[in-house]
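Undergrad: Position 156, counted from 1, in the sequence shown is what our numbering calls 156; the numbers after and before it change by one each time, with no gaps.
Hints may be right or wrong, so weigh each one.
[Claimed, not checked] Pairwise CB distance ranges (calculated):
#1 Glu253 <-> Asp71: 39 to 49 Å
#2 Leu255 <-> Lys36: 42 to 52 Å
#3 Gly153 <-> Ser299: 38 to 48 Å
#4 Lys87 <-> Asp39: 18 to 28 Å
#5 Asn203 <-> Lys305: 34 to 44 Å
[Unchecked claim] Derived PhoX-like pairs: lysine-lysine, alpha-carbon spacing no greater than 25 Å straight-line:
#6 Lys291 <-> Lys260
#7 Lys208 <-> Lys344
#8 Lys339 <-> Lys260
#9 Lys340 <-> Lys177
#10 Lys177 <-> Lys148
#11 Lys148 <-> Lys55
#12 Lys208 <-> Lys291
#13 Lys291 <-> Lys315
Derived from the structure by calculation, the hints contain no laboratory data. All C-beta atoms, glycine included, are put in the ideal place defined by N, C-alpha and C.
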Amino acid sequence: MKAKKYLIVPLIFLLTVIFISCTKDSVSPEDITEQKATDYSIAGHWLNIPASTDKNVDVFYLYPTAWARTDTSKPYICEVDNPMMLKYSNLAFARQATAFETIGNVYAPYFRQVDAAYCFSLSVAEQEKLVAGIPTLDATAAFDYYIKNYNNGRPFILAGHSQGSNVLLYLLSGYMKEHPDVYSRMIAAYVIGYSVTQKFLANNTHLKFAEGADDTGVIISFNTQSPDVQAGANVLVLDGALVINPITWTRDETLVTADKNLGSLILNPDGSIAQGIPEPVMNYADAQVDKVKGAVICSTADVDKLAPGNAVLVKGVFHSFDYPFYYYNIRENAENRTKKFLGK
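Make a model of the complete structure from these sequences and hints.
TA: The following block contains the structure:
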């Protein structure tokens, strides 16, 4: 029971930072026709570039929303060197991207982001237009620079969370369609914390959703919430969202108990890893696919401490814990898919 106590240290401070500005203002989504992408030949525009490329696989990671406006009169898209974003993107990297460090050389660019509270005050169509603008402009430029200057033809995994995953969908639907030679080297795309819908796949027939634990060239996606969150209440879950169980990596609705979980992650209140080293907490998070709700249901986590709700997310949405709850399962699954892709 002692291990559980450590896991349930809340990310309330982090969620407060990300959703601190929740007032809808009258600014319209900006036109990016005159915008230039961030220059990714500058090393300071990368959160992480591996010191060595000793692994034969790469990982390209996009972090979740890592900043928020404290004043709604300010721009709703941050600069690439925004201090808040630099801080919280590094914390996100530590609790998410490190899951893949046993598999590949992890590359992670800094990219300009939309203020989450402003974004969620818009219609879904307006949200998509906004994220498809400057955040996707930067991420696409970063990925293209990575492919041309760092990748050297290696197979790769895409990984993201929240806004980072939303941006990855544009990379998958745009860049990958235009560069099938690059797409053929994609082991899998972990598009976690945002919705991959049936409509999205119907509109992008070159893409496919994962059906099992070791298929490759596929998209993996889920959003985690408690049983009490009603269908349609989670703003991150769109109509027709597809979901996979992050313990068994199957899409059926069988309850998978917490003792089958390979380990959750210990976190500090600010979202950093406790003691600076990933350490598994056993028997904490169960998982069950709910196809009607389009989400993974976790019934064993402490809702009051981990997901009390805020101005954007209703009580019971375990958004910040999509990776930490299933950290070691994600690691093993990425290893399995990589071995399958490489024919090992």
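Undergrad: Now tell me, hint by hint, if it's right for this structure.
TA: For each hint, the structure was consulted:
The hinted window of 39 to 49 Å between Glu253 and Asp71 holds, with their beta carbons roughly 45 Å apart. At roughly 50 Å, the beta carbons of Leu255 and Lys36 sit within the given window of 42 to 52 Å. For the pair Gly153 and Ser299, the supplied restraint of 38 to 48 Å holds, since their beta-carbon distance comes to about 44 Å. In this structure the supplied range 18 to 28 Å holds for Lys87 paired with Asp39, their Cβ-Cβ distance being about 22 Å.
Against the hinted window of 34 to 44 Å, the Cβ-Cβ separation of Asn203 and Lys305 comes to about 40 Å, which satisfies the hint. Proposed proximity of Lys291 and Lys260 is supported: the alpha carbons are some 21 Å apart, at most 25 Å. Taking the CA atoms of Lys208 and Lys344, the gap is near 23 Å; set against the 25 Å cutoff, the hint holds. Between the alpha carbons of Lys339 and Lys260 the distance comes to roughly 22 Å, so the proposed pair stays at or under 25 Å and holds.
With a CA separation close to 23 Å, the supplied pair Lys340 and Lys177 stays within the 25 Å bound. About 17 Å separates the Cα atoms of Lys177 and Lys148, which keeps this hinted pair within 25 Å; it holds. Restraint check: the Cα-Cα separation between Lys148 and Lys55 comes to about 18 Å, which is no more than 25 Å; the hinted pair holds. Distance restraint check for Lys208 and Lys291: the Cα-Cα separation of roughly 17 Å lies within the 25 Å cut-off, and the hinted pair is therefore satisfied.
For the given pair, Lys291 sits about 20 Å from Lys315 by alpha-carbon distance, which is consistent with the 25 Å threshold.
The earlier numbered hints are all upheld by this structure, with none contradicted.
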